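Asker: Chain residues, written in single-letter form:
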Amino acid sequence: MSTSSQAPAISKVPRRDWRALLTRHEMLLLYVLIAEWLFFYFAGTSTNRRGVVVGFGTWDRQFDILRHSCEIGLLALALTPVIITAGIDLSVGSLLGLCAILFGKLWHDGGLTIPVAMGITLGIGALAGALNAVLITMLRLPPLIVTLGTYSLFRGLAEAITRGSITYTDFPDNFLFIGQERWLGLPTQAWIFLSVALAVGLLLHRTTFGRAFRAIGLAPEGARYAGLPVERRLALVYVLAGLIAAIAAIIYTARLGQAKADAGSGYELFAITAVVLGGTSIFGGTGTIPGTLLGVAAIAVLKNGLACLPVVMRLNAAEEMSGLLTGALLLVALSASVLPKILSNLRPRRHTSTA
Amino acid sequence: MSSPLLALRQVVKNYGGVRALRGVDFDLRAGEVHALLGENGAGKSTLIKIVTGAHAPDGGTITIAGQLIAELTPAISRSLGIACIYQQPALFPDLTVAENLALRLDATTVHARVDWTARRARATALLARIGAAISPDAEVRSLSMPEQQLVEIACALGSGARIVIMDEPTASLTQKEQHLLYAVVHDLRKNGVGVIYISHRLEEIFALADRVTVLRDGQSVGTHALADINEAGLIRLMVGREVAQVYPAAQSAPGATVLSLQGVGCNASGVHDVSFEVRAGEIFGLGGLVGAGRTELARILFGLTPADYGQIKLAGETLELSSPQEAVSHGIAYVPEDRRRHGVVLELPLEQNITMAIHRRLFPTTWLSFNAERALALDYIRDLAVKCAGPDAPGGSLSGGNQQKVALARWLATRPKLLILDEPTQGVDIGAKTEIHKIIRRLAHEGLAVILISSDLPEVIGMSDRIGVMAHGTLRAILPGGSDPHTVMAAALGTAA
Chain A
880 MSTSSQAPAI
890 SKVPRRDWRA
900 LLTRHEMLLL
910 YVLIAEWLFF
920 YFAGTSTNRR
930 GVVVGFGTWD
940 RQFDILRHSC
950 EIGLLALALT
960 PVIITAGIDL
970 SVGSLLGLCA
980 ILFGKLWHDG
990 GLTIPVAMGI
1000 TLGIGALAGA
1010 LNAVLITMLR
1020 LPPLIVTLGT
1030 YSLFRGLAEA
1040 ITRGSITYTD
1050 FPDNFLFIGQ
1060 ERWLGLPTQA
1070 WIFLSVALAV
1080 GLLLHRTTFG
1090 RAFRAIGLAP
1100 EGARYAGLPV
1110 ERRLALVYVL
1120 AGLIAAIAAI
1130 IYTARLGQAK
1140 ADAGSGYELF
1150 AITAVVLGGT
1160 SIFGGTGTIP
1170 GTLLGVAAIA
1180 VLKNGLACLP
1190 VVMRLNAAEE
1200 MSGLLTGALL
1210 LVALSASVLP
1220 KILSNLRPRR
1230 HTSTA
Chain B
92 MSSPLLALRQ
102 VVKNYGGVRA
112 LRGVDFDLRA
122 GEVHALLGEN
132 GAGKSTLIKI
142 VTGAHAPDGG
152 TITIAGQLIA
162 ELTPAISRSL
172 GIACIYQQPA
182 LFPDLTVAEN
192 LALRLDATTV
202 HARVDWTARR
212 ARATALLARI
222 GAAISPDAEV
232 RSLSMPEQQL
242 VEIACALGSG
252 ARIVIMDEPT
262 ASLTQKEQHL
272 LYAVVHDLRK
282 NGVGVIYISH
292 RLEEIFALAD
302 RVTVLRDGQS
312 VGTHALADIN
322 EAGLIRLMVG
332 REVAQVYPAA
342 QSAPGATVLS
352 LQGVGCNASG
362 VHDVSFEVRA
372 GEIFGLGGLV
382 GAGRTELARI
392 LFGLTPADYG
402 QIKLAGETLE
412 LSSPQEAVSH
422 GIAYVPEDRR
432 RHGVVLELPL
442 EQNITMAIHR
452 RLFPTTWLSF
462 NAERALALDY
472 IRDLAVKCAG
482 PDAPGGSLSG
492 GNQQKVALAR
502 WLATRPKLLI
512 LDEPTQGVDI
522 GAKTEIHKII
532 RRLAHEGLAV
542 ILISSDLPEV
552 IGMSDRIGVM
562 AHGTLRAILP
572 GGSDPHTVMA
582 AALGTAA
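Quick mapping for you: the protein sequence lines, in order, are chains A and B.
If you're matching positions, the first sequence starts at 880 in the working numbering and goes up one per residue.
If you're matching positions, the second sequence starts at 92 in the working numbering and goes up one per residue.
Treat the hints with caution; some may be incorrect.
Here are the simulated distance ranges between beta carbons [stated by the list, open to error]: (1) Gly1145(A) <-> His563(B): 57 to 65 Å; (2) Leu194(B) <-> Val1190(A): 53 to 61 Å; (3) Ala166(B) <-> Arg1019(A): 34 to 42 Å; (4) Gly1145(A) <-> Arg110(B): 31 to 39 Å; (5) Leu1018(A) <-> Ser226(B): 51 to 59 Å; (6) Leu194(B) <-> Leu1023(A): 27 to 35 Å; (7) Ala274(B) <-> Val1217(A): 55 to 63 Å; (8) Leu1204(A) <-> Thr208(B): 56 to 64 Å; (9) Arg232(B) <-> Leu1023(A): 22 to 30 Å; (10) Arg1019(A) <-> Gly251(B): 43 to 51 Å; (11) Gly157(B) <-> Ser1214(A): 50 to 58 Å; (12) Phe183(B) <-> Val995(A): 57 to 65 Å; (13) Arg1019(A) <-> Asn358(B): 54 to 62 Å.
Beyond 10 Å from chain A on every Cβ pair, some chain B residues (computed) [what the hints assert, rightly or not]: (14) Ile160; (15) Glu190; (16) His315; (17) Glu438; (18) His450.
Just a few of them, taken from the derived set where beta-carbon distance is under 7 Å, the chain B residues facing chain A [unchecked claim]: (19) Leu410; (20) Leu412; (21) Pro415; (22) Pro427; (23) His433; (24) Met447; (25) Trp458.
Note that these hints are calculated values from the structure, not bench results.
On a predicted model such as this, the values are computed, not experimentally measured, just so you know.
Glycine is no exception: its CB is placed at the ideal position from the N, C-alpha and C atoms.
The following block holds chain A by itself, in its conformation from the complex (with noise of 0.2 Å):
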C-alpha cells in the first residue's frame, strides 16, 4: 500500500456544526412552528362566561389536531420515501378511499372478523402499490402519469362498489377506540402514526434502502452504474406507500366511524405539501422524515389554529383561510430553502475545487 507524502488532512472537520444544524431547514421549520402556536396560544384561546378556557390552548384542542392529522401524515410518510426518488405518488388518497370501502364491505358483507379484514386491507394497499410500482419499474413509464391514472383508477372502483351510495358504518366499540379514543395518554392511532413514522425514517436514515432511494433520487443512471438494483429499489417505495395508504385508510374508517367512497379525497395534496414543506426536495434525493413530521405539524396547527380565531369564526371562513396560508407557508418555505444557496453564490465560493 503506497501511502503518498501529500497524505490529505482528514478528521479534522468536526461531524457537525452546531451553527449549521440551527440552520437546517428543518431547525428553520421548527421556528415557524413554534412561532405559528405561540400565534394561536394568545390568539386563539379565550375565557367563556362560565370562566372555562376555550378555543387553541386547551389540551382538548391539542389531541384533536393530533388525531386530525394522523391520516395524512401517513400519507406525507408514504410520499416521502417516493419524492425521495424523484417520484410522484398521486394515488395514495385515492387507494385510502378505496381501502377503506374494502375494508368495510370485507367486514360487513364478508362476514369478517375486524383483524382479518384488516390483515386483507392492508394486502390490497400493497397490492395496488405493486400496479403502481409495475407500471412505473417495468413499464418504465413516468409517475406522475400513472399515478394520475391509478388516482382516477382507485377512486372510481371505490364509487363504482358503492354505487355511489353504500356507507358501512355501525363498527363495534373495540375497532372505534383506534379512532376516537386515548391509549396511554395520547389518541390511539397517534401510536400507530408514530410507529411508522419511526419505521420509514429508520429505513430511510438507517439502512441501505434509504441510501439507494437517494441514489436514484439523485442520478438515476449513476445508481444503475454502481450496481444498485434501481427497479427493486422503486418498486420498494410504490408498494409500501400502498401498504401505508391501507393504514391510513382504517384509522380514517376507525376516526370516523363510517368508510365511504369519497374518504380521503385531496389527501394527497395535502400530503405532498406537508412532504415538501419539510424540506424534500421535488427533484429527489433529499429529505428527511423529522421534516415530514415538521411539515405535517405546521399544516396541521395552522388549519386548526385559524379555526379558533375569532375573526375567522365570524366570518366563518377557516377553510378557505387555512387554504390559502398554507399554499403561502410553503411558497415561503420553498423560496427561503433556495434563498442561502443564491446568497453564497453571490459571495466567492469557499469549497473551490483543488487540482
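Put chain B on the given structure of chain A with help from the hints.
Answerer: For chain B alone, kept in the frame of chain A given last:
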C-alpha cells in the same frame, strides 16, 4: 488566387487549464474540400466550435472572405454563410421535411402567411439537387439517420452556405448512401463552396479532399495537398513522435486467465465477433477511435447491454450477464467514462460514494454502520491519496482527477477479479494522471486483471501489456504493449499499414 474564404491565424482556446488549441493556422479556399484529421482530443471539435461561433477563441484572428471578424456568434456565423452538418442531425422530429427547411430558411416575420406551395416546391428542388429520394411531406421522425443528414445538407444548400462543415458525415451511412454523399460534396465544390471535411476514414479523405490539415495536441502539424502525401505519411503526422512521458514499467508476470471472450456480439450496440483473453496481473489495453465500440463492449461485460451471442467466461465459469448486479456479484467492476454522470454522485459525500457498490458486504443486515463506512472510506482516501476536505465532503467538491480516484475506490472496494477502466484519465490534469497510472500498474501487480480503454494513444501503448485495437465494432488486432504508435493507429483506422 483570391483571398481564402476562411482564414484562421494563431487561434488559441483554453478550457480551464486544458489548452485545446495552441495557435492554429487554417485556411479554406472557395471550391475546395479541406479535410481535418487528428486523434481524439487533437482539437478538431474545438476548431469547428470556433468557426461556427459556438465558442469564442481566447486569441488569434478569424478572417472570412477577406473580412476580419471581431466577434463570431452562431447567428453571425450563419449569416456569413457558414453551415455545419453534425453527426447527429438537429431537426424537429415531429415536423415534415418541408417544415424543417422552412424553419431554418424562412425569415421570421410577425404576420407572414404560410405559403405551403412555395415551401414544398423549394424542399423538392433542394432535395432533388442533392439527389435524395425523400418526400418533402415525410415526417422527419420517419427518416433514417442518413436521410436526416441529407436534409441537413439540403438546408445548408438552401441557405446559400459558402462554407460547409461536415463532421464525420459518413459514420452512420451505408455504402450506397456514402456514394450519394460524395456526389453531393463534389457538387458543392463545383459550385464554389468551401467544405471542411472531418473524417477518420483515410480512404474517404483520399477520395474526396483536395488538401488535408493534421491537428495534434491542439496544434496544426502541417497542411498538405493530398497529391503530395500517402497514408503512411498522414499516420506519421497524426501520431508524431513518442511523447516523452514515463509510464510505470510493466513488472508483472501474467497469471491464470481471468476473462475470456469467444465471438461476443450485441446487435443493439453494434459490437460483433469479439474474442480475446485477459489474464490476472495483466493490463489489456483497448485502443481505437471514438465510436469503435470499446465503451459498448465494456457495457456488455458489465451487464448494461447484454450480449446477444458469444461466450463470456470469467475464471472458467460461463456467465450470462444481464444486469450490473450480476456482473458485480461475479467480480466485474466498471469505472465508467462519464465520471460526473455515472462514476460519482456529485451531491453525496465521498464515503457514501465509495461504499455504494458494497452495501451488501459492508452492511450485511442492511443496517448502516457509519463507523465501518468511515473507516473503509478513510483507508481508500489515504491509499489512493485523494485530496479532499474529508470523507464527508461532497463528490462535486473534488477536482476531476480526485473524483476519478473516488470512482476507482468504489470499485476497488468490491475486490473485483476484473477491473474495466473507461478513459480513466480523460480531463484529468497531468499530475493526477501520473498518479492514476501508478495506481493502475500497482493493481495489476497485485494480481488484478485490468481492461484499460483509452483514446490517448501514448497512454494505451505505454500502460498496456497487450493492446486490442477496435474499429467498427469489432477487435481488429491484438498488438504487444509498447508497439509502434503507427501500427496501432493504422489498425484503428482500419487500414493495413
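Asker: State the violated hints by number, sorted upward, taking the hints as numbered earlier in the document.
Answerer: The structure conflicts with hints 4, 5, 13, 17, 18, 19 and 20, although it agrees with all the remaining ones.
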